[in-house]
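Q: Residues per chain are reported as follows:
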Amino acid sequence: MCGIVGFTTFKNKTNQYKEILFDMTNALSRRGPDEKDYYFSENIALRS
Amino acid sequence: MSAEHSNNRYTLIYNGQLYNANDIRKELIEDYNYTFQGYSDTEVVLKAYIQWGSKIISKFNGIFSFAIWDENKNELFLARDHFGIKPLYYTIIDNDIIFASEIKAILKYPKVKLELDSQGISELFGIGPAHTPGTTIFKNIYEIKPAHFAIFNKYGLHITKYWELKSKEHTDNFEETCNKVKQLLKDAIDRQLISDVPLCCLLSGGLDSSIITAFASRYYEENDLSPLDTYSIDYVDNDKNFVKSDFQPNSDKHYIDIMKNTFHTNHHEIVIDTPELAKALEDAMIARDFPGMADVDSSLLLFCKYVKKGATVALSGECADEIFGGYPWFFREDALNSNTFPWSIALTERQQLLNPDISSKVNLKEYIDFRYHESLENVEILSTDSSETAEKRKISYLTMNWFMQTLLDRSDRTSMYNGLELRVPFCDYRLVQYLWNIPWEWKAYNGREKGLLRYICKDLLPKEIVDRKKSPYPKTHNPTYLKTVKQMLTDIMKNKNAPINYLLNRDYILDILETDGNSFTRPWFRSIDDRSSAYGLSLSSKYVA
Chain A
191 MCGIVGFTTF KNKTNQYKEI LFDMTNALSR RGPDEKDYYF SENIALRS
Chain B
47 MSAEHSNNRY TLIYNGQLYN ANDIRKELIE DYNYTFQGYS DTEVVLKAYI QWGSKIISKF
107 NGIFSFAIWD ENKNELFLAR DHFGIKPLYY TIIDNDIIFA SEIKAILKYP KVKLELDSQG
167 ISELFGIGPA HTPGTTIFKN IYEIKPAHFA IFNKYGLHIT KYWELKSKEH TDNFEETCNK
227 VKQLLKDAID RQLISDVPLC CLLSGGLDSS IITAFASRYY EENDLSPLDT YSIDYVDNDK
287 NFVKSDFQPN SDKHYIDIMK NTFHTNHHEI VIDTPELAKA LEDAMIARDF PGMADVDSSL
347 LLFCKYVKKG ATVALSGECA DEIFGGYPWF FREDALNSNT FPWSIALTER QQLLNPDISS
407 KVNLKEYIDF RYHESLENVE ILSTDSSETA EKRKISYLTM NWFMQTLLDR SDRTSMYNGL
467 ELRVPFCDYR LVQYLWNIPW EWKAYNGREK GLLRYICKDL LPKEIVDRKK SPYPKTHNPT
527 YLKTVKQMLT DIMKNKNAPI NYLLNRDYIL DILETDGNSF TRPWFRSIDD RSSAYGLSLS
587 SKYVA
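As you go down the protein sequences, you meet chains A and B in turn. Counting from 1 along the first sequence, just add 190 to a position and that's the residue number in the working numbering. Counting from 1 along the second sequence, just add 46 to a position and that's the residue number in the working numbering.
Treat the hints with care, since some could be wrong.
[Stated by the list, open to error] Derived pair list, reagent style BS3-like, types lysine-lysine, alpha-carbon separation capped at 25 angstroms:
hint	chain 1	residue 1	chain 2	residue 2
1	A	203	B	150
2	B	286	A	201
3	A	201	B	159
4	B	200	A	208
5	A	203	B	411
6	B	157	A	203
7	B	157	B	185
Don't read these hints as lab results, they were simulated from the structure.
Pulled out of the complex, with its shape left as it was, chain B reads as follows (with noise of 0.2 angstroms):
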């Protein structure tokens, strides 16, 4: 879209939704006289832009990914929103910036080359599937970080942070929290639900998607909307096979029961089966150029696609448990004296799945040590805070920056794979912020992960659900995917010749293979499965090389 302005001309192209957009536009033209053509967002960042400039994006509500040509200036401005939850991609060959939502199309630039170094290894293998802000695996492609924006003209490119989480003392007693919290989520749900294209919201029966559900269905009724669409995901035989565990206490059918009964909702259940899953592996790891969190992806990219056939948005309920505590590192004793990443601690077990030539090359234990403790630096501490409030900051700023993203990366590629827009109203910065100041004791309410948030939602839902432990998303418990994975791997490693053998051991894969993943004890990434995990990496890693 182009617009001219005082002799000159702006043109931009955008990808993104803006949850103020209303109120930045009616600024616009009360205030400034503007005009504008129709209702569109893409508008109302444009001519935002040009009354603006770069000031304006920090107040920009919304998720977006965009460039501006300024035709005077001959400049390109490049901008990310708070999250990164659109994202954007460069490289820079010869004084030319080449640029683009995703890897993928600029790897279609031609001079474009794919290259895999030892940062690339160690980011792969040492970090991955979460990956360092402003980086990708491969050699000079990089993204613009959350929170940034970039201009580019010919002098080449300068970066700057227009936004991040400030740390100050938390003036507002116990019950003003509790009700600024419920405002600003019913207002970042509230926002988000406006549509002009049939909208629905993912719901697992866990606190999460059952407070969005819960609003959502609200807002349908005041608004004469009603019934709201809800969608879930399980798997065939998933009620037979589903066995506890510290990670996964309870299956989620029955809470999702409770909450279609409570909310009337028009409930849809997907249903998904090992070899669809299985075969989704490929795609999931296409969606995001690159390996990621095996059928955790694959599973959600089933998902979205089913849901497109019967809605084109989609709210999730993706960074409650990062904003407001919800994981056991949270709580860990340990969480902060591992002096690692607190969700990813089987290091000597990446480290021997590595090649001997590469392995020797590579030192992940440094590399994570050292993106580690440089991303500590970032967190403002405050002199007032207590040693539990100074932990819990550093917690939350490493689950934020690099936990987080990886799910926000997930949840754009897996949706928009199937043209589907996910739409995550938890990580409204004005929420986050706010959040980021609350003492961890008022958080941890009652003791409870996400204890302030059970509380101030306790008349909202029913019990069972506000008192319902934290659950992962749910992930298949069929054997026949692990006897399927297996069977793949095996498969891929028949060929000694296959590009995996240069990249990781063979010897250790076969052993991984013969003991049926025993061989390979910790979990890789939170709580993807040890041995599938183990397969699944090994397989996507035959499509790296």
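Only chain A is shown next, with the shape it has when bound in the complex (with noise of 0.2 angstroms):
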């Protein structure tokens, strides 16, 4: 709820979605608590 970060996946596709969420959200750990929100479908990986 203090930053979000995504990623669309219509060309680079990848099997490490969850670890580069993972490293994006760590990056914003100072704005506050994460929900460890996700969210993945077949062209995109959000979470916040």
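Quick one: dock chain against chain with the hints and give me the complex.
A: Written out as structure tokens, the structure reads:
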């Protein structure tokens, strides 16, 4: 709720989306507790 | 948060606060039969979008930056609030978009490269610490502009402006205007006082923060929440070291005492010393991801750090000067004639600071001129505007889009670095819109800066506060600060191969050090001290490179 991160995967498919999202969210950890709210589907990865 | 609707799934990630969430929720329930799980504004944002789509964004009264994924359309919707109080950056790599609240998170995505090209250098040294809306100093990393939303799908990115200030003739008379402004201000503050976590007001004893404190204190009394917590910042030995100047005529303590005694707030005074202030220069830069406002950033960062020990939300008086006309350049004859951003005049010095190799490839004056004139094109002047009103519209526009933006970025980055949420009631878009069209003579009522604001609050505050001349954000006057940053810079310069040498003119920096800053004669940006800013910028340049 204090920071958002995400990316589409139309072209850049990856099995690492969980790890990437985690790294991105981690970089924002000072903004406050993250929701650990993930969403993945075929072309998107989101986390807040 | 996800929701299913009409055989589709919508997923929202959100950062912000919606101050009219209750009104929107009510409408969705009563008129459109939505059901809600709880009282979060996150749910309101999601369901409002599901119902109305992008049309609803301009009606959101709040601070926000969010993304919604539409599963059926396979489409991403990104939006940022009217003034860009909450951040949203992105980059596009091979037809995919990567976005985040801060640049540092984008850098964690593989394949993102950090590059500073000649535009970035022009931005950093020509415009900095301000920036051209939509850009960052890093190549290919952008921001969604304030009051814009964007749609990204397999065909690419499409950006739309959903709101802007409208110029129109002001028809209310003076008394009606005063009542309306006061009512809008009260409404903005009252909405932003709603919090289920501990809240406080930042109080410098200046007009703006005092107004917020006064309204908040009254609200607290009416709702049995007293006492209100207030916080101020000061520096060790500042009373001893304080020296009057054009930009800073008085020290705060006297006025803070008046306020806390009048409103019986539970006041906390944070006192900061030089070593901590200097050390936090690096944190402040990390918070922004690039060089900012030196100690003006680091002191707010420390302030927020200590405020966070007692509160999770803080109300700040930021933005009143921009919308009510509080800065000296609103009053200076030559502000528009200077043909450049009026707060940033040390152009020769900025160019001289560059390493000769880079300096030959980058023309700061040309770049600044380009951005300045490009920006002015957006100002809507009415045929009925007097030439003074037209001029003031331009100054206001520039101030809001460049100067205020820099301060808003600073507020978000330094506060969120400490997990503190800063709210800025003067940035309520309805208030800003209403003020935009008020004749300049009324805004400068009684020939004073923020004259209208003083007039409408005269019964709310002690006279000394109402009359107090504008004083910028409190800075340290402790001579040890300059000594400390001078030493920090000296240490960096000992290494001829330090990255700073690629960007900056080594000889000029050594000269600044030797003459104790006296060879850099004019303020870098507003009241950022010439010497400390030169040190500060040089220091932070070491990280950029």
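Q: Run every hint past the structure and note whether it holds.
A: Right, here's what the structure says about each hint:
{"no.": "1", "hint": "A:203 with B:150", "result": "22 angstroms, holds"}
{"no.": "2", "hint": "B:286 with A:201", "result": "62 angstroms, violated"}
{"no.": "3", "hint": "A:201 with B:159", "result": "18 angstroms, holds"}
{"no.": "4", "hint": "B:200 with A:208", "result": "22 angstroms, holds"}
{"no.": "5", "hint": "A:203 with B:411", "result": "44 angstroms, violated"}
{"no.": "6", "hint": "B:157 with A:203", "result": "13 angstroms, holds"}
{"no.": "7", "hint": "B:157 with B:185", "result": "13 angstroms, holds"}
Checked against the numbered hints given earlier, this structure breaks hints 2 and 5; the rest are met.
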